[in-house]
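Peer 1: Spelled out, the chains give:
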Amino acid sequence: MSAGLLWGECQGSGKTPYRVTVDTGTRRYQCSCPSRKFPCKHALGLLFLWSQGRIDESGAVAGFAQDFADRGRATGSDPVEPATAGPREQTPEQRAAAAARAAAREQRVADGLAELDRWLADQISGGLARVAQDPYGWAEAAATRMVDAQAPGVAAWLRRLPAVVTSGSRWPQRLLDELALLHLLARGYARRAELPADLVATVRDHVGFSVPRTTVLAGPPVRDRWVIVGFRDLDTETVSTRRVWLRGRESDRWAQVLFFATGGAALDASLVPATELDADLHFYPGRARLRAAVGEVHAEAIPVTSWCPPGDSIAAAADRWASALAADPWLRQIPVVLRGRVDCSGRGDGAGPGGRAGRGDGHEWSFADLAGDAVVAHGTALDLWRLLAVTAGAILDVAGEWSPDGFRPSTIVADGALVVL
Amino acid sequence: MTTPDPVADLIAAATVGTAHRALDLADLPPAVRPDPRAADPAVALLDAAALSALAARTAPRQRTALRDPTDPVPERVPIIPDIVRQVLARVERQPALLVEALTLIRQAGLRLPPDLVPVLLDDARPAVVSAARPVTGEIGRLLMTKNPRWAPAAEPDPADRTTWDEGTVTERARWLRALRRTDPLAARELLMDGFARESATTRAELLGVLGDGLSAGDQDFLLTAVGDRSRAVVEVALGLLNRLPDSPLRRDMRALAGRHVTVARRLLRTAVTVTRLVPEEFAPWPAPAGDPWTVLLGRVDPVDWSAAFGGDPFPLITTGADELRPLTPGFRAAALEFRHAGLARALVSAQLAAASARVPPVVDPELWGILAPPDLRELLERLLDDRRVRADQVDAVLAGRDRPWPAPITRLLARWLPTGGAQNGPAPRSMWDRWATSAALPDCRELSELARAVAERATGDAASTLITRASQAATLLTVRAVLHETLRPPGGPQ
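The listed protein sequences derive, respectively, from chains H and V.
Counting with numbering that gives the first Met the number 0, you get residues 0 to 420 for the letters of the first sequence.
Counting with numbering that gives the first Met the number 0, you get residues 0 to 493 for the letters of the second sequence.
Note that these hints are calculated values from the structure, not bench results.
Hints are supplied without guarantee of correctness; some may be wrong.
Only part of the chain H face toward chain V is listed, based on derived beta-carbon distances under 7 angstroms [claimed, not checked]:
id, residue
1, A120
2, A128
3, S168
4, W170
5, P171
6, L175
7, D176
8, P328
9, A388
10, G392
11, L395
12, P403
Label-pair distances were calculated between CB atoms; the ranges are [stated by the list, open to error]:
id, chain 1, residue 1, chain 2, residue 2, range
13, V, R75, H, P151, 29 to 35 angstroms
14, H, T237, V, G459, 47 to 53 angstroms
15, H, T214, V, D39, 58 to 64 angstroms
16, V, S429, H, S312, 40 to 46 angstroms
17, H, R26, V, A462, 32 to 38 angstroms
18, H, G361, V, R387, 58 to 64 angstroms
19, V, D39, H, P151, 53 to 59 angstroms
Keep in mind the model is a prediction, meaning the values are calculated, not measured.
C-beta: ideal position from N, C-alpha, C; glycine also.
Can you build the whole structure from these sequences, using the hints too?
Peer 2: Below, the structure written as C-alpha cells:
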C-alpha cells in the first residue's frame, strides 16, 4: 500500500493471477477479473485484508497500480480533486482549435434540430396514426440523424418514443405531448441568442451538450451534510443511468447526481442511500439547478439520524413542480418529500411485484395528504406494497419523485432515519 | 349533446394529420392558443400542443382520497431479531430452509418485519407462502384483504351445493372432501346418488375422496364400485377396499396367498413351498392386470403373513431364499403398500447381501424410505462400507427420508462425504447441501465445526473441491445453528 493506493494479486481459477487495485481515497476499484460486480470480490478481499492490518504499508507502487492511479487523475474522476482545479492549461492554438470545434458542433446541432423540426411537422401533417404501423422503427432514422448531428439528448429522447406508442389507450395524446416538447426544444435552440443564459444552458443540457466535469468542479462549491435520500436506476440498451437524490441538511437544497455505465459495467455505488456525506457539491449550469457533481468529501458517509425534513402537502408539491416546469419546461421529475399515507383500492388481477403498479394491475394506488388531497402513486408493485406494509396506514414523510405521472415513492423518513424501499 | 373539447380536436387532428383534417386554432382556449400563429398548419398545431402539454404536465394526476382509508395497524407480536432477518436473506433461494426458518419464527411467537411481508406473500413457492402467512402479523392480514391473491384459498362451504352442481371435477372433489370432513355419511350418499351418471374420469376422481375418513361403512359402496365398467374406477375401489383390514378383498387375498405359500419348520431349517398361481384364482375379484404375485401380496398385510403362510417368511426373505425369489416384486409391493418397516429391512438386507465382488449393491430408494431409523443407520453403514456405491445411490436413499435426519445418520455421512464411495473423491455438492439442510437443528453447530475441520484438513488433488463443498456445507449448518439458537422457544430443547 502507498498513498491510499492498495494493490495486490489474487490467484483465481485461471493460470494468471488477477491484478487488483483499490484507491481508498477516491473509492475507485480495478481488477483484471471478468466479474461484472463492482467492486468485485477480489477488491473486497483486498480491502478486508487492509482493514485487518494485514497489508504491508511500504514498498514501491506496482506498475499496474500506478497506471490506475494516473488514469484516475487524468480523467478527473477523483472526487477529492480540489474544486479549484480548473481545466488544463492550453496553448492559444489549442484554444482556437477547441473554439472552432465547438462552433462547428453548434452549427451541426442547429442544422440537425432544424431538420428535426421539419420532421416533426411532417409527422403531424401525415398523421400520428401511421406511427402505429411501425412503432419501433418509425423514429429510429430521426434518432440516428440526431446522433450524427451531435445532439445525443434528443436522440435518446426519440428512442424513448416507441414505449409511448405502445403504452396503451390514449397514446396519440402522449405522443403528441412528446413531439410538441421536442418541437419546443428545437425552437428554443434555434432562438438561443434571444434567451437568457440560464435558459440556454437548460436547452443545451436537454439537447445533449455535456459540461466537462472539471468545469463544473471549478464552480463554487456548496458544502453541506448531504443526505442521500434515494436513487433510481434506468437502463437502456446501451447506457445504464443511476439517478441519486441528495438533500442538504443545512441548506435544505435538493441535488441530483447522475452516474452512467456502459457495456454492462456496474454503476457507481459510492453514494449509499440512507447515509449522509459531508461534502462539497458543485451544481451544473441550467435553470433546474438540480444536477451536481461531488467535489471534495470532508468526511466519510455515516448513517442518517435525526433528519426530519418538513413534509410537503400535495398542493405545495404541485406548486413546486409548476415553478420547476416554468423554469425548465422539459423537466421530467423533481424530488419531493410528502407527508401523508399511501393506500390502495381495487381487488387486483394478479400482477406480481415485478409488474408496474399505478395503472393496469387492478389496484389503484394513491398518496393522500393531511388536507385530503390525493395524487396517483406509481412505481413497481413491490415498492408500493412494501410502502403500505411498512407504513401500515400511518401518516409519514415519504420521499420520492414527482412527475406528470404522479408521485413515485422511494424512501420513508421515519424517526429521523431513512428506510429505502 | 356534448360540448366540443378543443384539446381533443387538437389530438384528433394530429392523429389523422393536418393534411387530412383542418383545425381551427381560434377555438382553443387562450392559454394554449399560439401567438403568433405559424403559417404551416402542422407547425401551428405543434406550437399549440406544446402549450397544451406544458399546461397538462403542470397539473398533478389527482386522485380522490379513499373514503375509508386504511387505519394504522396495531401489532402485538414482536419482530424477529436482525440476525434472523439476515438468515432469511441468506436462505432466500433454498425453499426448505426458508420454510424451516419461517416455522421456527412462528414457534418462537415472532413476526416478520413489515417490508418482508409482501415479498414473501408474493413468493412463487406455495410452501414458502403457506409458512409465511402465520408470521406476517396484522399487516399481513391487511395486505391479504387488499390483495386476495395472497390469502389462502378459502375452504369450500359444504352447506352450499353450487360447487357440487356446477363446478369442475377438481372443484367438486374439493367440495366433496370438505363435506366428507364434516359429514362422512352425507358425502358418501351424495356420491352414490348420481355416481352412475358421472363420466369414468369423474367417477374415479370422486371415488378417491372416500379415502378421507374411510370406514367399514363405505365397504358396500366400494364393493359395488368394483363392478364398475371403468378399469380406473375399479382400481380406486380395490385400493380403498385394501385399506379396510376386514374387507372381503383382504380376507380372500389372505386365503389365496395361504393356499400357495407355505412356510414350515423342518428339523433345523425353515422350508418354504410356493405353488403356481394363475389369474383366474382371483375370482370373483377382477383378474390382475400384471404379475399375479405382485398384485396378490400387495393385498396381504405382512402382519398377517405368519398366520396365512403357517410360519414367518421374513428370515428367508432376508437371506434371499431361492424359492422366494419370484415373489420378491410382491414382497416389495406389500412393503410399500402397508409401509411395513420390517419387511423393508428384510428386502434391503437381501439386496445388500446379494452384492458380490462382481455385482455392485442394488439400491431401491422407496424401500429405504420406509426403514425404521435404527435399521436405516445399520443398513446405511453397510452400504457406505461398500466402496462401489455411487453418490447418486446414496443420494436417492436419503432424498426420500423425512427431515430432520437422526444424528447417527448425519454423523455417518460426515465420514463418507469427503471420500464419496465409487466417486473416489468428495461427494457432489448437492449431497453436501442435502446433508447440511437435513441435519437436526440441535446438531447443526457440532456438524458445522466438523465440516469446517474437514475443509481445514483437506489435502491432495481433491483438496480444492473438498474445501469448497465442506465450507459451503459448514456455512449452511452455521446459518441453521444460528436460527436454532436465536429462535429456540424459552425452555425448549437444547
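Peer 1: Could you work out which of the previously given hints the structure breaks and list their numbers from low to high?
Peer 2: 3, 4, 11, 13, 15, 16, 19
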